[in-house]
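Enquirer: Chain by chain, the residues run as shown.
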Amino acid sequence: MAQDKVAQEDIQRRTEIDSSVKFPVLFFITSAAVWLTLAALLGFVQQMKLHSPGFLDFSFLHFLNYGRSNPAFMGALVYGWAIQAGVGVGIWIMARLCRAEVKNPVTLIVAGHFWNLGVLIGVLGILFGHGTSIEWLAFPKAVWPILCGAFSLIVIWLVTMFHRRQDKEVYISVWYILGACFWFPWIFITANLFIHIFPGSAVAKAATNAWFMGSMIYLVLAPIGLASAYYIIPKVIGRPVHSAQLGYYGFWGLAVFGGWTGIQKFMGGPLPAWMPAISGAAVILMLIPVLIVTVNQIMTIKGKSIEVNSSPAVRFTVAGISFFIIYCVFSALNSFLAVGKFTQLSFTSLGTQLLAVYGFFSMTIFGAIYFIVPRLTGTEWPSLKRINSHFMLSIYAMGTLLVVHLFGGVWQSAAYGKFDAPLENAISAGKPYAIGGSVAWAVIVFATLGFLMNLVSILSRSGRSEIVSKFVKYIGGQENSG
Amino acid sequence: MNSLRPFILGITATFFVPWLCLIVIPHNKMKAQPVEWASPETGKLSAYPAGKPNIFRQGQIVYAQEGCAYCHTQMIRPTYLGYESWRPDFGKEGTVDLPIRTRETRSGDYDGEQFAYLGVQRVGPDLSNVGYRHTEQWHHEHLYDPQSKRDFSVMPSFRHLYIKRKVKGQRSELALSNIKSTDTVVDEYEIVPTEKAKALVGYLMTLKKDDPFSGQVAGEPEDKKSDVKSK
Numbered sequence: 062m063a064q065d066k067v068a069q070e071d072i073q074r075r076t077e078i079d080s081s082v083k084f085p086v087l088f089f090i091t092s093a094a095v096w097l098t099l100a101a102l103l104g105f106v107q108q109m110k111l112h113s114p115g116f117l118d119f120s121f122l123h124f125l126n127y128g129r130s131n132p133a134f135m136g137a138l139v140y141g142w143a144i145q146a147g148v149g150v151g152i153w154i155m156a157r158l159c160r161a162e163v164k165n166p167v168t169l170i171v172a173g174h175f176w177n178l179g180v181l182i183g184v185l186g187i188l189f190g191h192g193t194s195i196e197w198l199a200f201p202k203a204v205w206p207i208l209c210g211a212f213s214l215i216v217i218w219l220v221t222m223f224h225r226r227q228d229k230e231v232y233i234s235v236w237y238i239l240g241a242c243f244w245f246p247w248i249f250i251t252a253n254l255f256i257h258i259f260p261g262s263a264v265a266k267a268a269t270n271a272w273f274m275g276s277m278i279y280l281v282l283a284p285i286g287l288a289s290a291y292y293i294i295p296k297v298i299g300r301p302v303h304s305a306q307l308g309y310y311g312f313w314g315l316a317v318f319g320g321w322t323g324i325q326k327f328m329g330g331p332l333p334a335w336m337p338a339i340s341g342a343a344v345i346l347m348l349i350p351v352l353i354v355t356v357n358q359i360m361t362i363k364g365k366s367i368e369v370n371s372s373p374a375v376r377f378t379v380a381g382i383s384f385f386i387i388y389c390v391f392s393a394l395n396s397f398l399a400v401g402k403f404t405q406l407s408f409t410s411l412g413t414q415l416l417a418v419y420g421f422f423s424m425t426i427f428g429a430i431y432f433i434v435p436r437l438t439g440t441e442w443p444s445l446k447r448i449n450s451h452f453m454l455s456i457y458a459m460g461t462l463l464v465v466h467l468f469g470g471v472w473q474s475a476a477y478g479k480f481d482a483p484l485e486n487a488i489s490a491g492k493p494y495a496i497g498g499s500v501a502w503a504v505i506v507f508a509t510l511g512f513l514m515n516l517v518s519i520l521s522r523s524g525r526s527e528i529v530s531k532f533v534k535y536i537g538g539q540e541n542s543g
Numbered sequence: 002m003n004s005l006r007p008f009i010l011g012i013t014a015t016f017f018v019p020w021l022c023l024i025v026i027p028h029n030k031m032k033a034q035p036v037e038w039a040s041p042e043t044g045k046l047s048a049y050p051a052g053k054p055n056i057f058r059q060g061q062i063v064y065a066q067e068g069c070a071y072c073h074t075q076m077i078r079p080t081y082l083g084y085e086s087w088r089p090d091f092g093k094e095g096t097v098d099l100p101i102r103t104r105e106t107r108s109g110d111y112d113g114e115q116f117a118y119l120g121v122q123r124v125g126p127d128l129s130n131v132g133y134r135h136t137e138q139w140h141h142e143h144l145y146d147p148q149s150k151r152d153f154s155v156m157p158s159f160r161h162l163y164i165k166r167k168v169k170g171q172r173s174e175l176a177l178s179n180i181k182s183t184d185t186v187v188d189e190y191e192i193v194p195t196e197k198a199k200a201l202v203g204y205l206m207t208l209k210k211d212d213p214f215s216g217q218v219a220g221e222p223e224d225k226k227s228d229v230k231s232k
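Protein sequence lines, in the order shown, are assigned to chains A and B.
Using the numbering used here, the first residue of the first sequence is number 62, and each one after it goes up by one.
Using the numbering used here, the first residue of the second sequence is number 2, and each one after it goes up by one.
Hint data in this document are derived by calculation from the structure and do not stem from the laboratory.
Worth double-checking, as some hints may not be accurate.
Derived Cβ-Cβ restraints for the label pairs, each shown as a range [to be verified]: (1) B:T136 / A:L122: 25 to 33 angstroms; (2) A:F175 / B:D98: 53 to 61 angstroms; (3) A:E485 / B:V25: 43 to 51 angstroms; (4) B:V25 / A:I349: 21 to 29 angstroms; (5) A:E70 / B:I26: 52 to 60 angstroms.
For each residue, glycine too, the CB sits at the ideal point set by N, CA and C.
Based on the sequences and whatever the hints tell you, model everything.
Expert: Structural data, given as structure tokens:
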């Protein structure tokens, strides 16, 4: 009986926390989902443009040319969707694990509005011809202070939250989230200051850009994604993380190697050779923390395949982590000269970015969203079928993109290497793969629309009204396991 | 580790080192120091890098705004990473039958630029030396209608950088001649580049990243083809 009472209080407490955090989290998740839909549409357009410049080639649509739609798509995907959804999920996990109710949700909402405003100006700025053509920093220069200010508000809020925590134990997910909150402003401010403001060598700026992308993936997206995985998987499975110690090592491995990555993109380029070399080495060494995370997660879900298959949240998360492992192995391979020379300046470079942002991060965050939203709204997802088709379509599309970008890139690079063949051969070498990519993007658009519709209908309360999720039973005593 | 301080110290320490080594130090140290050298054949003195801004910045802004860098690289790699430096469509001269190697790009080649657009992927050819390969007129016609120059091209048309106007007096020298106009009175109209298009082409014409430097083996002719026999 006493145990029942404790459990009852626990549920009560969580419901209170959830209802205090509801508005900001749903705000971030919903606006992120809208950006994702926009990004998917732009992604399809830019991929079509890559092989058929005649597609939508009307004079008044000149802003959809590949050179503008591609950076606009990346901007919407990374800043509109990925970081924003990550923030939404991060806030919720922090609130749950610190066992503290949210105070001042208005701060978050204001920050969220400014963030969205910044991304909107940025994407429109690129489309209307004010982009900078710097990868992942293509927004017009005026935008980054807005984004930076908005994110700083969120960081301040999260740190205050951490200080108010009721639970003395600090879980691995909290570290990852705090780490990302600490790294993102540093990386973002550094990249913008050194590229846009400080005078300096043009080549060093290009290197900074490559470093920015590497660090964004390993030190911002990866920690948030892993935080979500370290929370969702044990929670649904009903068993604590296999080893907190391993989680520790995994985190510090990421911290030690993450900041060195990225510049391997320009190996053989006009930089001092040690810069790409050290980045390449860091990416290879990054396999150590990745191996640790893998072992930890596999041991956690071992023997629980029924739970994994019955919960969409865990299925998405496991798929996301699998893509993360593929991404890391793939990046490590690309860091070798013998492989990298075929993948460096080709479709593959974009493919690896998509693998990290869509394959790994988005899939993990989808899992978290499928877990979180019903708990905040008190209704169940209206259509399980739509969740399943979202999962299957995303997996197939990402798999296709992976194959297309990898083989297409190698093929394209090899064709450029044949110096005694005419240019036509090199240009048309990549074309069939680009067409394959368009099919994958059409599928992603379809899947994303399904996801958005599901989200809109659960928010507008047309979903089935069940307070307790049918996927997750209450598991007594395991509440603190994540 | 339950308090924030050791955590912050830990991640600051681990992140500060790469930040310093990969960002701060290269930005301060990679400054151009022109090296004077005398040509062994003629004894003529020249400096590398030449010490002048070597590109047309206004055009580079248009290059960035239109996103050219997402399909074109400006980075020729050394032969250990591929044989692209022998491509006639990457270099200055040479043909498919008689390839002549262009040297790989070096950091001094980007002197005076705001940002080195090294590139992402090669959907189109490398542009490091595009200034040698075509005339201004060719560039304008190609930007307006890429497929009229190369029917296999996947480059989009940049016709929003051009305007159609009524001919007043003499036709403009820069009026495009490759345009199949649908107008019935073709002769009354001409298509001329805007300032942006002129700037962009001006920039492309300044892309010549092959200044000789001290210690370079100058002008390797085709007998150096033995370099690639390991292919």
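Enquirer: Each hint needs a verdict: does it hold in this structure or not?
Expert: Here's how the hints hold up against the structure:
no. : hint                                : result
1   : B:T136 / A:L122: 25 to 33 angstroms : holds, 30 angstroms
2   : A:F175 / B:D98: 53 to 61 angstroms  : holds, 60 angstroms
3   : A:E485 / B:V25: 43 to 51 angstroms  : holds, 45 angstroms
4   : B:V25 / A:I349: 21 to 29 angstroms  : holds, 27 angstroms
5   : A:E70 / B:I26: 52 to 60 angstroms   : holds, 56 angstroms
In the structure shown, no violation is registered for any of the earlier numbered hints.
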